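**Q** Each chain, written out:
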Amino acid sequence: DAKTTQPTSMDCAEGRAANLPCNHSTISGNEYVYWYRQIHSQGPQYIIHGLKNNETNEMASLIITEDRKSSTLILPHATLRDTAVYYCIVRFAGNNRKLIWGLGTSLAVNP
Amino acid sequence: GAVVSQHPSWVICKSGTSVKIECRSLDFQATTMFWYRQFPKQSLMLMATSNEGSKATYEQGVEKDKFLINHASLTLSTLTVTSAHPEDSSFYICSARADRGGQPQHFGDGTRLSIL
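Chains V and G, in that order, give the protein sequences. Start counting at 1 in the first sequence, then tack on 1246, and there's your number in this note's numbering. Start counting at 1 in the second sequence, then tack on 664, and there's your number in this note's numbering.
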């Protein structure tokens, strides 16, 4: 599975959009991009995933570049409760395909 | 959305005892379940992958006889830490995934295990 690169930490003002980048330059055509977040002392929470097209749900938007080598997770109006570590993971589809977890981006939303 | 329930949320026990952790998918059938361990300030480390009705596949370095995994139904998997010792103290997290294709894993809230 492709390796991802994320900034170690980011800050965002409450109410503003948080844009979290992820590089996955070695991604292959069959690999999905997944985003999870983990709030301290809790299990990871699924946010969104996509293959080629941009995706949006009630939590966030996922923008994937045309060459698929990078993506951006957008939290449109960040709140203090969005403070968490955000993980970008790429993975092949398939029942037993495991998620390879990096260190993610620690997002701090400030009042 | 998909809900995964993990129980207990925390447990403290004496060295040498065995501890069982349950992971249930509440509103979907989980073809595959995963067990992770996480130490403070570190990322998640996959311990094993289990499919309903078959033996779990353990990651390199994870002792099968130490960490017993049972996935008896499409909604329940259990992890038993046998003869636990202080070095087994950690945050254990399960996840479940429905069907095939690109469906995401959904995670429980984790179990904080402290061995005295």
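Because the hints were derived from the structure by calculation, they are not lab data. This structure is a prediction, so every number in the text was calculated from the model and none was measured. Hints may be right or wrong, so weigh each one.
Unchecked claim - Ranges between beta-carbon positions, derived for each pair: (1) V:1322 <-> G:678: 47 to 53 Å; (2) V:1357 <-> G:729: 48 to 54 Å; (3) G:778 <-> V:1271: 39 to 45 Å; (4) G:678 <-> V:1272: 43 to 49 Å; (5) G:730 <-> V:1255: 44 to 50 Å; (6) V:1312 <-> G:703: 22 to 28 Å; (7) G:716 <-> V:1323: 48 to 54 Å.
Unchecked claim - Straight-line distance between alpha carbons at most 20 Å, and here's what the computed SDA-like set of lysine to any residue pairs gives: (8) G:684 <-> G:740; (9) G:730 <-> G:692; (10) G:719 <-> V:1249; (11) V:1344 <-> G:773; (12) V:1249 <-> G:706; (13) V:1249 <-> V:1315.
What the hints assert, rightly or not - Anything over 10 Å on all C-beta distances counts as not near chain G; from chain V, calculated: (14) 1288; (15) 1291; (16) 1295; (17) 1328; (18) 1329.
Glycine included, C-beta positions come from ideal geometry on N, C-alpha and C.
**Q** For a C-alpha distance cap of 20 Å, please report whether residue 1249 (chain V) and residue 1315 (chain V) respect it.
**A** 11 Å, holds
**Q** Is residue 1329 (chain V) truly not at the interface, in the sense that its beta carbon sits beyond 10 Å from all beta carbons of chain G?
**A** 16 Å, holds
**Q** Can you tell me whether the CB distance of residue 1322 (chain V) to residue 678 (chain G) sits inside 47 to 53 Å?
**A** Cβ of residue 1322 (chain V) to Cβ of residue 678 (chain G): about 49 Å, so the range 47 to 53 Å holds.
**Q** Within a Cα-Cα threshold of 20 Å, do residue 730 (chain G) and residue 692 (chain G) meet the stated pairing?
**A** Status violated; Cα separation ~29 Å.
**Q** Run the distance test for residue 1249 (chain V) versus residue 706 (chain G): straight-line Cα separation, threshold 20 Å.
**A** 17 Å, holds
**Q** Confirm or reject: residue 1328 (chain V) is not an interface residue toward chain G, with every Cβ-Cβ distance exceeding 10 Å.
**A** 17 Å, holds
**Q** Given the range 48 to 54 Å, decide if the beta-carbon distance of residue 1357 (chain V) to residue 729 (chain G) lies inside it.
**A** 50 Å, holds
**Q** Given the hint of 43 to 49 Å, is the C-beta distance from residue 678 (chain G) to residue 1272 (chain V) inside that range or not?
**A** The hint (43 to 49 Å, Cβ to Cβ) holds, given that residue 678 (chain G) and residue 1272 (chain V) are roughly 47 Å apart.
**Q** For residue 716 (chain G) and residue 1323 (chain V), compare the CB-CB distance with the range 48 to 54 Å and indicate the outcome.
**A** Between residue 716 (chain G) and residue 1323 (chain V), where Cβ atoms are some 40 Å apart, the hint is violated.
**Q** Would you mind confirming whether the straight-line C-alpha gap from residue 1344 (chain V) to residue 773 (chain G) stays at or under 20 Å?
**A** Between residue 1344 (chain V) and residue 773 (chain G) the Cα gap is close to 19 Å, so the pair holds against 20 Å.
**Q** Given a hint of 22 to 28 Å, does the C-beta separation of residue 1312 (chain V) and residue 703 (chain G) actually sit inside it?
**A** 39 Å, violated
**Q** Taken at face value, is the distance from the CA of residue 740 (chain G) to the CA of residue 684 (chain G) at most 20 Å?
**A** This hinted pair holds, its Cα atoms lying about 13 Å apart.
Violated hints, in rising order: 5, 6, 7, 9, 10, 14, 15, 16; the structure is consistent with all others.
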